[in-house]
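Taken in order, these protein sequences are the chains called A and B.
Residue numbers for the first sequence follow the working numbering, so the first one is 1 and each next one is one higher.
Residue numbers for the second sequence follow the working numbering, so the first one is 1001 and each next one is one higher.
In case anyone wonders, no lab produced these hints; they're calculated from the structure.
A virtual CB, placed ideally from N, CA and C, is assigned to each residue, including glycine.
One or more hints might be untrue.
Not the full set, but computed from the structure, chain A residues with beta-carbon under 7 angstroms of chain B [what the hints assert, rightly or not]:
(1) 22
(2) 28
(3) 79
(4) 138
Computed cross-link-like contacts, DSS-like style, restricted to lysine-lysine with a CA-CA straight-line distance of at most 25 angstroms [stated by the list, open to error]:
(5) B:1079 - A:30
(6) B:1002 - B:1075
(7) B:1079 - A:142
(8) B:1061 - A:142
(9) A:144 - B:1061
(10) B:1061 - A:37
(11) A:20 - A:30
(12) B:1079 - A:37
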Amino acid sequence: MTNYFIPIIIAIIFFVGIIKNIDIFQVFIKGAVDGLKTSMSIFPILLGIIAIISMLEASGFLSYMCKFLEPIFSIFHLPSELIPLALLRPISGSGALSFLEQIFKNHSPDSTIGLIASVMAGSSETTFYTIAIYFGAVNISKTKYALPAALIGDFVAMIMSVISVNLLC
Amino acid sequence: MKWFFFFGVILSILFGIISNKMSDVSIAVIGSSKSAINLFFSICGAICFWSGIMKIAQDAKITSAISKIFKPIFKKLFKNPSDESIEAVSMNVSANLLGLGNAATPFGLEAMKKFKKSNKNKPYASHNMILFCVLNTSALQIIPTTIAALRFNSGSTDPMKILCPTLFSSLAALVSSIIAVKIFSKIWSKKNK
């Protein structure tokens, strides 16, 4: 079902475009050029964020944070193996996915831990990166309460992933 | 953002010394520009492609049709949103719901530009911008495609088993972030009076 999704969406858009007598190729090129400009404006932000985050990852900061936060997360019955994932998820998309793969290797993806880890990774985003790109693209550095509000959401997602797996799986 | 940069460096030096990993930290700095350019290449193509497709959808008035569906919700959620910002937000949300993250980004950035315009180009974040960002960070989607694919590759017998709990948990996250934004914005405007 999901395999049909993308091609069909594109086909529908092209179809409506042709009906409305639009030169879909020309318009596509125009839009793609805009996309190129967008990507160019994102790149410097990516560069900065990735530099800082990979420094933090390499310094062992995360493993100290895990130890520090373990008592807080254990109140919510979050398995201690998953704390690194909870911390990694908001800052590094690729880091979180490779950690998830490790969990699938050590436990099965269908075990309780595997399920919780999947839900955890699926129900939140790389918050830092999203906020940096969205505000960076409009040249705004005073983001006020954007980060705290988004992190509250991430924290709720982490806790709810434990609860929802226990309830719904 | 400047504090994230500043403390990021300080903390990594501090913890690099504590855990005796300063060499790793230095390597990370050098390697990071390479991984940034790799990430750039991998998303740049997708962003360009989807911007092209979505431009057709815009010209064919598909986007304005979709935004009509979402309009009542967003009119309540955002403070006096302009029609063009509702259109961009609707497209961003529908692409996100379908799990097309890369298609969502160009619309997200466009929505931010529209919000900035209606905020008279002030150099700080508006309530609408923050609310919109939070909509995006809570990762609401109907089918968690990436994770399901990863589960499938790791030999799961039921990769889609996570569908309901994921939806449930990201919905909870979304609602709590929206509440947080509403509360923070009240505190903020009181403080500035």
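Each hint, compared with the structure:
Satisfaction of the interface hint for residue 22 of chain A is found here, the shortest Cβ-Cβ separation to chain B being roughly 5 angstroms, below the 7 angstroms cut-off. Hint status for residue 28 of chain A: holds, given a least beta-carbon distance of 4 angstroms to chain B, under 7 angstroms. For residue 79 of chain A, the suggested interface contact is broken, since its CB lies about 15 angstroms from the closest CB of chain B, more than 7 angstroms. The criterion of a C-beta within 7 angstroms of any C-beta in chain B is met by residue 138 of chain A, whose closest approach is roughly 5 angstroms, and the hint holds.
Between residue 1079 of chain B and residue 30 of chain A the CA atoms are separated by roughly 32 angstroms; this puts the pair beyond 25 angstroms, and the hint is violated. Proximity of residue 1002 of chain B to residue 1075 of chain B is assessed by CA-CA distance (about 33 angstroms); at most 25 angstroms being required, the pair is judged violated. Taking the CA atoms of residue 1079 of chain B and residue 142 of chain A, the gap is near 19 angstroms; set against the 25 angstroms cutoff, the hint holds. Taking the CA atoms of residue 1061 of chain B and residue 142 of chain A, the gap is near 35 angstroms; set against the 25 angstroms cutoff, the hint is violated.
At most 25 angstroms may separate the alpha-carbon atoms for a hinted pair to count; residue 144 of chain A and residue 1061 of chain B exceed this at roughly 35 angstroms. Taken as a hint, the residue 1061 of chain B and residue 37 of chain A pair is honoured in the structure, with Cα atoms around 23 angstroms apart against an allowance of 25 angstroms. About 18 angstroms separates the Cα atoms of residue 20 of chain A and residue 30 of chain A, which keeps this hinted pair within 25 angstroms; it holds. The suggested pairing of residue 1079 of chain B with residue 37 of chain A is violated, with an alpha-carbon distance near 29 angstroms, which exceeds 25 angstroms.
Hint violations for this structure: numbers 3, 5, 6, 8, 9 and 12, all remaining hints satisfied.
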